[in-house]
Amino acid sequence: MTRRRVTIVILCWNRWELTRRCLETLKAHTDLGQVDVLVVDNGSADETPARLREIPWIRVLTNPSNLGYVRGNNTGIRAAEPGNDVLLLNNDVEILQPGWLDTLGDAAHAAPDVGVVGCRLVLPDGRLLHAGTFILPDTFWGQQIGALEADVNQYARTRDVEGIVFACAYLRRELLDVLSGLSEEYVSYFEDTDFCLRAKEKGFRTVCCGAVTLLHREHGSTSDAPDLFEKIFRKSQATFRTRWKSALDARYTRSVSWQSILNFPTGYAMSCREILRALDAEGVRAAYAYVYGPGTPFPVREPENARDYLLNVISKRETGRRPPVSVVYGQGDVFLRNKGRTRVGYTMFEVDGFPAEWVKNGNEMDEVWVPSAFNRDGFVASGLKVPVRVMPLGVDVDHFHPAVKAFPNPAGDFVFLASFEWGERKRADMILKVFNQTFRRTDPVVLVCKVLNVNKPTNVGRQIEALGLSRAGGRIAFLHNKEFPYHQLGALYRSADCYVSAGRGEGWDMPLMEAMACGLPSIATDWGAHTEFVHEGISYPLRIRGLLPADARAPYYKGFCWSDPDPEHLQHLFRHVAEHREEALEKGRRAAAEMTAKWTWGHAARRIAGRLDAIG
Amino acid sequence: MVEADGGLAPLEREVLELRALVRELSERLAAAVAVLPRDAALALARGDTAEGGADGSPFRLTEWHETIEVTRADIAAEMDLLWKRVPPRESA
Chain A
1077 MTRRRVTIVI
1087 LCWNRWELTR
1097 RCLETLKAHT
1107 DLGQVDVLVV
1117 DNGSADETPA
1127 RLREIPWIRV
1137 LTNPSNLGYV
1147 RGNNTGIRAA
1157 EPGNDVLLLN
1167 NDVEILQPGW
1177 LDTLGDAAHA
1187 APDVGVVGCR
1197 LVLPDGRLLH
1207 AGTFILPDTF
1217 WGQQIGALEA
1227 DVNQYARTRD
1237 VEGIVFACAY
1247 LRRELLDVLS
1257 GLSEEYVSYF
1267 EDTDFCLRAK
1277 EKGFRTVCCG
1287 AVTLLHREHG
1297 STSDAPDLFE
1307 KIFRKSQATF
1317 RTRWKSALDA
1327 RYTRSVSWQS
1337 ILNFPTGYAM
1347 SCREILRALD
1357 AEGVRAAYAY
1367 VYGPGTPFPV
1377 REPENARDYL
1387 LNVISKRETG
1397 RRPPVSVVYG
1407 QGDVFLRNKG
1417 RTRVGYTMFE
1427 VDGFPAEWVK
1437 NGNEMDEVWV
1447 PSAFNRDGFV
1457 ASGLKVPVRV
1467 MPLGVDVDHF
1477 HPAVKAFPNP
1487 AGDFVFLASF
1497 EWGERKRADM
1507 ILKVFNQTFR
1517 RTDPVVLVCK
1527 VLNVNKPTNV
1537 GRQIEALGLS
1547 RAGGRIAFLH
1557 NKEFPYHQLG
1567 ALYRSADCYV
1577 SAGRGEGWDM
1587 PLMEAMACGL
1597 PSIATDWGAH
1607 TEFVHEGISY
1617 PLRIRGLLPA
1627 DARAPYYKGF
1637 CWSDPDPEHL
1647 QHLFRHVAEH
1657 REEALEKGRR
1667 AAAEMTAKWT
1677 WGHAARRIAG
1687 RLDAIG
Chain B
8 MVEADGGLAP
18 LEREVLELRA
28 LVRELSERLA
38 AAVAVLPRDA
48 ALALARGDTA
58 EGGADGSPFR
68 LTEWHETIEV
78 TRADIAAEMD
88 LLWKRVPPRE
98 SA
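Chains as they are written, first to last, in our numbering: chain A, 1077 to 1692; chain B, 8 to 99.
Worth flagging that the hints you see were computed from the coordinates, not collected in a lab.
One or more hints might be untrue.
To be verified - Straight-line Cα separation of at most 30 angstroms, DSSO-like style, residue types lysine-lysine; simulated pairs:
{"#": "1", "chain 1": "A", "residue 1": "Lys1392", "chain 2": "A", "residue 2": "Lys1307"}
{"#": "2", "chain 1": "A", "residue 1": "Lys1481", "chain 2": "A", "residue 2": "Lys1558"}
{"#": "3", "chain 1": "A", "residue 1": "Lys1311", "chain 2": "A", "residue 2": "Lys1392"}
{"#": "4", "chain 1": "A", "residue 1": "Lys1481", "chain 2": "B", "residue 2": "Lys91"}
{"#": "5", "chain 1": "B", "residue 1": "Lys91", "chain 2": "A", "residue 2": "Lys1532"}
{"#": "6", "chain 1": "A", "residue 1": "Lys1311", "chain 2": "B", "residue 2": "Lys91"}
{"#": "7", "chain 1": "A", "residue 1": "Lys1311", "chain 2": "A", "residue 2": "Lys1321"}
{"#": "8", "chain 1": "A", "residue 1": "Lys1461", "chain 2": "A", "residue 2": "Lys1415"}
{"#": "9", "chain 1": "B", "residue 1": "Lys91", "chain 2": "A", "residue 2": "Lys1509"}
Only a predicted model underlies this, so the values are computations on that prediction, with no experimental measurement involved.
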């Protein structure tokens, strides 16, 4: 492919040290034969003009005074060769990787409708700063995706985004021919989002290319003058609001009241957070309300702060006293708190039927959703009469993918990973015993167990020691009651070689899905809701010996059955995976591809949006 | 439980002193182990003593802290600690 020539426009105003670093790293990682480097000096009064004159491989354009960010960059865009693409680069950005410009160019020319390409930006302390932007019509306060998460190479793919920050913005010539430059209605701030939205109006997409990461020192020219920043920011925000309010409102084509749980470390809460994010991206205006609290089986008040801007905004939206459609996403024992005119109950369960109370409440709904055919069949068999629809959950493939940073075992051992809450259902005892008996201490194989126990009377350490494991057997290490930030969890999976989920029954099994999205082969019980997305082509199904009464503390299990995973088959699978690593790797690769192709939260949200259209 | 007005400061000082001591002992231990032959270092790490070898002896949890409090952890630091906790592999 003939590569189109690029003009790199670097705007600077004083702070020579930043500009120097920017230019040095640019030179080190860029084929200067492919590019024109145009430095626009916005009237610097320090040593910048003199230093720039000493650099032979750049062209310098000097503005007589500081024209501001927008007009300064427009000077550069206008001065670029007419046939060139343009890359706007802040002078407080440093290039970290060779090939960065080619990769951005490839992303820009991957399709004719791509107009703007941004990249991942990281801070000097290693945290992610930017992987795209979004702005909500509720607040008109632009947000950077992924901001301040520890960088584990999340958002590594190229994705469509609403906007990007123009600290690094690759602009296709076809788009510049239509829009010419940044809107000079703004002095600074909002001009980048405005540009991306105008590009969209003209039929051009904005993407964030996750294969490129640059360092952004974020030394904005107004960062030392907070009053000036506030003034410019507010003025630009008002301009932006006037221009874009109706367009941003129109982005939402449907609405729904979502009654659930958000700010606790439970499976429903974690998946609720992802569903709400995905629904917003799908154009569904969700308003969240906490469904539990006093008078419910979980009488605890919910903390208000979701520690997430989008979720906090969604939580503050009014659901209204009687919304047209409301979904209760939680256990069936709170279905009756649904306040919608059309009422949906969305739940899941780990055994082969549903408690009578849930069925009774479900029959009061207009329809019931479950994530799996396994649950649909269990609900119907338990007496549910209203329509029941399979609405699978999903996985976040931006935080769980094969290129997430790993922290591999330095000894080079093959690592099996199991993650579970201590209890009867997950069969921790079987996993530990079988692993310990299958391998010897001399084998280069380790089992890592991430164990959660919040049940005060249970002493997990004592129970493990009571299993009678042998020191001569397979080696086991534990992560006990450690909670990792969700965005870092992928690094745990990536640090292992095979995931093990050998429980008696699952309502979905999010950790299994996350591990598979990370490209891990998995051993998973061949019974339960997760059979919706697990099959032999992408996993190692663990045989069951049959069903047993679900004997556990949970009162809702009474009268139902769950599976009896076969320990002998688990032993065989442990050994097989450890001895057939290439085959296992291939299964893991196929698992990751299938999660991305079929099981993202975007897929889940599109199914929900489609159903809302049908019932709304 | 210590009342706030019952003199927390001396306890806090003691905690700081003990932490410094633990750090110092860890550094001394690491330095001592570093000069040992590999087999001897492994045996020490396993806890093998004159009373017997590893084979057939019961599995013991090392560095296990029984708690129901869930700790928020950083993955990089925690993985580093985890790999140090893995019982060492023995030669066949």
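Where does the structure disagree with the numbered hints, that is, which hint numbers, in rising order? 6
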